[in-house]
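Engineer: Residue numbers (the UniProt record's numbering): 1 to 263.
Mixed in with the good hints there might be a few duds.
Stated by the list, open to error - BS3-like, lysine-lysine: derived pairs with alpha carbons at most 30 Å apart: (1) K122 with K23; (2) K122 with K142; (3) K106 with K122.
I should point out that these hints are in silico values taken from the structure, not numbers from a laboratory.
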Amino acid sequence: MAINSNALAEMDVPESYLDSLPKNGRATLGDVIYRYITSDHFSPECLLDSLDLSTEYQALEIASRVEASVHVWRRRVPAKPVNGLGRTASARSWSMVRDMLMDSEKRELLAERAEGLLICLKQRFPALTQTSLDMSKIQYNKDVGKSILESYSRVLESLASNIVARIDDLLNIDELNRHVEQLSSGEADLKMACGRAVVPPYQQVPASGTPFVTAYATPSFSPGRLSSPRTSVGAGRRSQGSRAAAAAKKALTDHLSPSEVRG
1 MAINSNALAE
11 MDVPESYLDS
21 LPKNGRATLG
31 DVIYRYITSD
41 HFSPECLLDS
51 LDLSTEYQAL
61 EIASRVEASV
71 HVWRRRVPAK
81 PVNGLGRTAS
91 ARSWSMVRDM
101 LMDSEKRELL
111 AERAEGLLIC
121 LKQRFPALTQ
131 TSLDMSKIQY
141 NKDVGKSILE
151 SYSRVLESLA
161 SNIVARIDDL
171 LNIDELNRHV
181 EQLSSGEADL
191 KMACGRAVVP
201 PYQQVPASGT
211 PFVTAYATPS
221 FSPGRLSSPR
231 TSVGAGRRSQ
241 GSRAAAAAKK
251 ALTDHLSPSE
261 VRG
């Protein structure tokens, strides 16, 4: 968030902060970072990749050191007094001016490189807390209006970060729900496909079309042929009695003579 950073940039750098800085950039940055910045082929991204930025505390410490080096290199160097008169003194003064010009150009180049490195570092860590310079500005600021703006910007930045966090949570929940719905619809389609493959639709198949036909035909019954059990039993008994009477009559006829039968 650049709300609070813009408010802090409008504040003046306290003199107490400038007095506490080291005398040169090497002492401020350390040998490793100073060697990278002063090299001919400088790349802020490569430098950040080579540094240990595993924690926010380490990133904040490097940001404070780089920010301090910018003010060290842009601080005015007091001119040394020149002793002596004549041509020698003028030659010395010219050489000192030339060295100062070359030194000022080099210092400005190093300050620009340090600013670029600080910008890349803040881009990698957008939620980086206040540096040593920021806290010094807040502590030693004498302008009441700028202090109110800085406090108000800090509150706005906190509210904005909370709103962004809530929006991210809602987006994550919505994406999770969509993923669950896709999984459930996929499972339903899979179940329907499996059901269609395992349970085929019912179809009537004629007996003649089956590969195995039974050898026994289905018996057919006619209602007219059915009779009562009592009727069939009585008729059988009457037929048996008539046959027995006919047999007895024939035997008696054969035993008796014709005259006796007649008489």
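Engineer: Determine for every hint whether it applies to the structure shown.
Structural biologist: Comparing the hints with the structure gives:
no.	hint	verdict
1	K122 with K23	25 Å, holds
2	K122 with K142	27 Å, holds
3	K106 with K122	25 Å, holds
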